[in-house]
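Just so you know, the protein sequences line up as chains A and B, in that order.
Each residue of the first sequence is one higher than the one before, counting from 28 in the working numbering.
Each residue of the second sequence is one higher than the one before, counting from 117 in the working numbering.
Mixed in with the good hints there might be a few duds.
[Claimed, not checked] With beta-carbon atoms standing in for the labels, derived distance ranges:
1) B:417 with A:86: 28 to 34 Å
2) A:64 with B:380: 18 to 24 Å
3) A:63 with B:414: 43 to 49 Å
4) A:88 with B:385: 34 to 40 Å
5) A:44 with B:356: 29 to 35 Å
6) A:49 with B:377: 34 to 40 Å
FYI, nobody ran anything at the bench for these hints, they're computed from the structure.
Note that the coordinates shown come from a computational prediction; the quantities given were computed from them, not determined experimentally.
Idealized CB from N, CA, C, for every residue including glycine.
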Amino acid sequence: MCLAVPAKVLELRDNQMALVDLNGTQREISLMVLDGEAAVGDFVLIHVGYAIEVIDEEEAERTLKMFEELGTLDEEDAGELSAIL
Amino acid sequence: MSIISSFRESSRAKPIIDRIHQRDTGPVSIMEFCGGHTVAIFRSGIRTVMPVHVQMISGPGCPVCVTSNGDLDRAVALAKTPGVILATYGDMLKVPGSEESLMQVKAQGYAVEIVYSTLDALALAEAHPDREIVFFAIGFETTSPAAAAAVLQARDRGLQNFSICSVMKLTIPGARALLSMGEVKVDAVIGPGHVSSIIGSDAWRFLPEEYGIPVAISGFETLDLLAATDALLRMIEAKQPDLVNTYSRIVKPGGNRKAWGAVQQVFELRAASWRGFGEIPESGLALREEFAAYDADRRFDIRVAPAPEHPACRCGEVLRGVALPPDCKVFGTACTPEHPLGPCMVSSEGSCAAYYHYQRQQR
Chain A
28 MCLAVPAKVL
38 ELRDNQMALV
48 DLNGTQREIS
58 LMVLDGEAAV
68 GDFVLIHVGY
78 AIEVIDEEEA
88 ERTLKMFEEL
98 GTLDEEDAGE
108 LSAIL
Chain B
117 MSIISSFRES
127 SRAKPIIDRI
137 HQRDTGPVSI
147 MEFCGGHTVA
157 IFRSGIRTVM
167 PVHVQMISGP
177 GCPVCVTSNG
187 DLDRAVALAK
197 TPGVILATYG
207 DMLKVPGSEE
217 SLMQVKAQGY
227 AVEIVYSTLD
237 ALALAEAHPD
247 REIVFFAIGF
257 ETTSPAAAAA
267 VLQARDRGLQ
277 NFSICSVMKL
287 TIPGARALLS
297 MGEVKVDAVI
307 GPGHVSSIIG
317 SDAWRFLPEE
327 YGIPVAISGF
337 ETLDLLAATD
347 ALLRMIEAKQ
357 PDLVNTYSRI
367 VKPGGNRKAW
377 GAVQQVFELR
387 AASWRGFGEI
397 PESGLALREE
407 FAAYDADRRF
417 DIRVAPAPEH
427 PACRCGEVLR
437 GVALPPDCKV
447 FGTACTPEHP
457 LGPCMVSSEG
467 SCAAYYHYQR
477 QQR
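Pulled out of the complex, with its shape left as it was, chain B reads as follows:
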């Protein structure tokens, strides 16, 4: 599709980079809240062409990374429950809980299945009527409609052996929590493109309106990110914080009302535990009472002990933007993608993994 490749042409990038260098802003920190952006910014080399006074930092935008050890331990306990097949996205498998990862559990012979989609999890339920299929659902707003759709389909098809263990979270309460803590200086925000496709660009208006922070919703191609960065610097330069949507080919002001409507039909808000943040009120999605039959938390009595994080791992601080991966003394030594101590090194979208793979070549 030529329209996609056009957003990758380096000849189109040069003029935008030149303009970025002409912006007179003083030192600025630009934060993204999306693991996809973390990776795209590293992979494209954007950090290396930024003026020295423009710093790009990552916030809590990787759903795998913000999953707490307690929630991981719950998934492990579910996988070990007799009769259960635990289905989840591949991203989760290698993440260490307080004692073991789902991969290690699978290696012990328990039924842990990687699925690409909740459609595959429903197919598992139909193929194994004598087993309980529990879908361990992680993700932000982008991923939640697929979980909602699965519950609605399970109900329509009369599936009795399908349930969801939801640790899904919402980005906006996460962003608000980070900004309210005031630990890190955030002058501008690159808004998550695919999250915004679901909830709409208007959902981010609180940033300029309440915090005076400009936000640019961006896609994932190099040109998208450069244009978003330029738009942010322009707003800082003009001292006019506002919302700009550079991903209008996908993101509408009101989002995808059908997808978000399905999420609201099936789920309600509850407090959720975030790695690095602790409990954030109304930041998680739980099944509504009406769908209790599909709620693994209600179907299975799973209790796990409070779960400490690895003492040397600084994932929590990395997720809050107050530490960079190389600030952690185990980064690249005791903690590598092959032997990760924390999720930020496991997930391909984690800041530590991105630094490990790209930064060493770039600086």
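Bound-form chain A, shown alone:
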């Protein structure tokens, strides 16, 4: 029910609407409850026709790097790392 899917913003339209690419399908969605601005090219998370977040790609990269390091570092360092995840 709380399923939300990432989509790429293709075009900003009137009335806080946007055209997005959702896994190869084009759809019109609402930006009405999005906190902040979405730009063409951004990835947004869509839930029941509304964008609810812009996906923070830098944060995603950082998280991935931490997941990776979690498995390889010694106990103490990993503890520190996962503490800030």
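Given chain A, put chain B in place with the hints provided.
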């Protein structure tokens, strides 16, 4: 999007699984409060790679499943009201009320429309000015902004024939109710990712602070769930319950203030009836007086008799985490996804459906 697929690479999972096996915790029960997590945990096979002392259990995280028979009967009665088109998300259609489901009502010729979004429900209202469009709104915090946005748009557009029947609920009062009952041992919680995107990760701080239970907010990819599980075991091992957010690419500490602000503008808290729990105070969303014109409960005088649940169905206990689906004697026999007796078998996110589809292959 490579950044999404990166969270699914199995080569990245192995080191985290190894670490999980090294954690020295003793027997632990980890509960999730999200139907999306229930499905993701089964589908990814995570349960099969956990150490035997780590048990993954599901809480009341499926909004379809926790909807009471009384509320379902209200939707059925609304759909049968002359002039009404009842619009709702597809998840609701097959759920049996005390006598029939919305699907059966639709088959009798009543107007029940499946919508993907409240935007579609508004479009129905504009296309059918001579009909009353009632949106039957279920869902948790994630889904509530879409309902709030619909009411605000209906007001802005001057739509007179659109209203909402809200049975929307909040996860945190549900979680508190479950923990306060003390029926089930919960050592750690995987926090719902998309609910938290709306209300913020900080909303879950009460778990470590009041209950001494560590919580890790997680996304829905295999790596997210493994990393969250590892973070929980680390906190248990260190005896330092805290809040960790492994889904920071989406979830901010304060959440989506615009979306949650819209919900608070349109709705207020009221008691709600949860399957398996009964009435939980301040756990439901009702339209505020200011938006009474868009409230189906005020527009239509719908009264339904108290609705018993199917005597053999143990959905309520499954939702409270005290019974597993195979503990129910009708599971997989009289109750299957094709012929469900309770909502936990209907919803794709229900524990019974997840067990039915995945567990039989995995164990």
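Requested in this report: Check each numbered hint from earlier against the structure, then list the numbers of those it violates in ascending order.
Outcome: Structure breaks hints 1, 3, 5, 6.
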